[in-house]
Amino acid sequence: GESVGLHLPTLSVQEGDNSIINCAYSNSASDYFIWYKQESGKGPQFIIDIRSNMDKRQGQRVTVLLNKTVKHLSLQIAATQPGDSAVYFCAENGQAGTALIFGKGTTLSVSS
Amino acid sequence: NAGVTQTPKFHILKIGQSMTLQCTQDMNHNYMYWYRQDPGMGLKLIYYSVGAGITDKGEVPNGYNVSRSTTEDFPLRLELAAPSQTSVYFCASSYGGGGTYGYTFGSGTRLTVV
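Keeping their order, the protein sequence lines are chains A and B. Oh and the first sequence: position 27 is 35 in this note's numbering, straight run, nothing missing. Oh and the second sequence: position 91 is 220 in this note's numbering, straight run, nothing missing.
Calculated from the structure, these hints are not laboratory results. Note that beta-carbon positions come from the ideal geometry of N, C-alpha and C, so glycine has one too. Among the hints, a few may not be true.
Calculated Cβ distances over 12 Å to all of chain A for the following chain B residues [claimed, not checked]: (1) Gln-135; (2) Lys-138; (3) Leu-142; (4) Lys-143; (5) Gln-166; (6) Ala-181; (7) Gly-192; (8) Ser-198; (9) Thr-200; (10) Pro-212; (11) Ser-223; (12) Thr-229; (13) Thr-233; (14) Ser-236.
Partial list, derived from the structure: chain B residues whose beta carbon lies under 10 Å from chain A [as the list claims (entries may be wrong)]: (15) Tyr-160; (16) Tyr-162; (17) Tyr-164; (18) Gly-169; (19) Leu-172; (20) Tyr-177; (21) Gly-182; (22) Ile-183; (23) Glu-188; (24) Pro-190; (25) Glu-208; (26) Phe-219; (27) Ala-221; (28) Phe-234; (29) Gly-237.
So that you can see chain A by itself, here it is in the shape it has in the complex (with noise of 0.2 Å):
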């Protein structure tokens, strides 16, 4: 069946470090992907999206890099701050494109 996942179920940094969380998609067809922060208690919000025509693409302190030869993609956060502590999923269109399709999620932890 179609799956998202992420190579690190956690992850810890020290504040002011760059955090890097990946992912493995397993649906070649998609071209859509998505990145989002889910805080304790509360719904997942939208980061950064990016079509698979692109190959990388800039937020504000986020980058999303896209590899479509070996079916990855990552979520780059420059100088993590405590306020980053959250659980980040990776999401894809699949080959239905009918809904988003939700990784298993990597908890970053931020110690200042």
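With chain A held as given, fit chain B onto it using these hints.
Showing chain B alone in chain A's frame:
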């Protein structure tokens, strides 16, 4: 704007009981979705709707029903609740469909079936 509003935020349900989780959005989005999130897991699609009067099953629809009588509202009905339905439920909406636009999520309903 309120975005996507879910009620209740928390609920404890007894085995065999039924209840409706409410979801409403004020963004005039045609597309709406229900997901469930189990501990340490990603979100799994229960049902979705592409517009008023149109609904379809997702990955894990058993034990649930939905309706979409208006653009704004997309309630999720649990019939004969089972412990396996203990989860956090998220409603979401999007401007476009086909998973090609980002979602706006509600804050979730934490449901415990005992």
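Results of checking the hints against the structure:
1. Gln-135: The claim is violated: Gln-135 of chain B sits with its nearest Cβ about 8 Å from chain A, within 12 Å.
2. Lys-138: Non-interface label fails for Lys-138 of chain B: nearest chain A Cβ at 9 Å, not farther than 12 Å.
3. Leu-142: Since the minimum Cβ distance to chain A is about 20 Å, Leu-142 of chain B lies beyond 12 Å and the statement holds.
4. Lys-143: holds (24 Å)
5. Gln-166: violated (9 Å)
6. Ala-181: Holds, because the least Cβ-Cβ distance between Ala-181 of chain B and chain A comes to about 18 Å, which exceeds 12 Å.
7. Gly-192: holds (19 Å)
8. Ser-198: holds (21 Å)
9. Thr-200: holds (18 Å)
10. Pro-212: Answer for Pro-212 of chain B: holds, closest chain A Cβ roughly 22 Å.
11. Ser-223: violated (9 Å)
12. Thr-229: It is violated; Thr-229 of chain B is separated from chain A by about 5 Å at its closest Cβ, not greater than 12 Å.
13. Thr-233: violated (8 Å)
14. Ser-236: Nearest chain A Cβ is 5 Å from Ser-236 of chain B, so the label is violated.
15. Tyr-160: Given a least distance of 8 Å, the restraint on Tyr-160 of chain B holds.
16. Tyr-162: Status holds, d = 6 Å.
17. Tyr-164: holds (8 Å)
18. Gly-169: At 7 Å from the nearest chain A Cβ, Gly-169 of chain B passes the 10 Å test, so the hint holds.
19. Leu-172: This interface hint holds because 4 Å falls under the 10 Å limit.
20. Tyr-177: Holds. Min distance 5 Å.
21. Gly-182: Violated, about 17 Å.
22. Ile-183: violated (12 Å)
23. Glu-188: holds (8 Å)
24. Pro-190: The hint is violated - Pro-190 of chain B has no Cβ within 10 Å of chain A, the shortest such distance being about 12 Å.
25. Glu-208: violated (23 Å)
26. Phe-219: holds (6 Å)
27. Ala-221: holds (8 Å)
28. Phe-234: holds (4 Å)
29. Gly-237: Holds. Min distance 5 Å.
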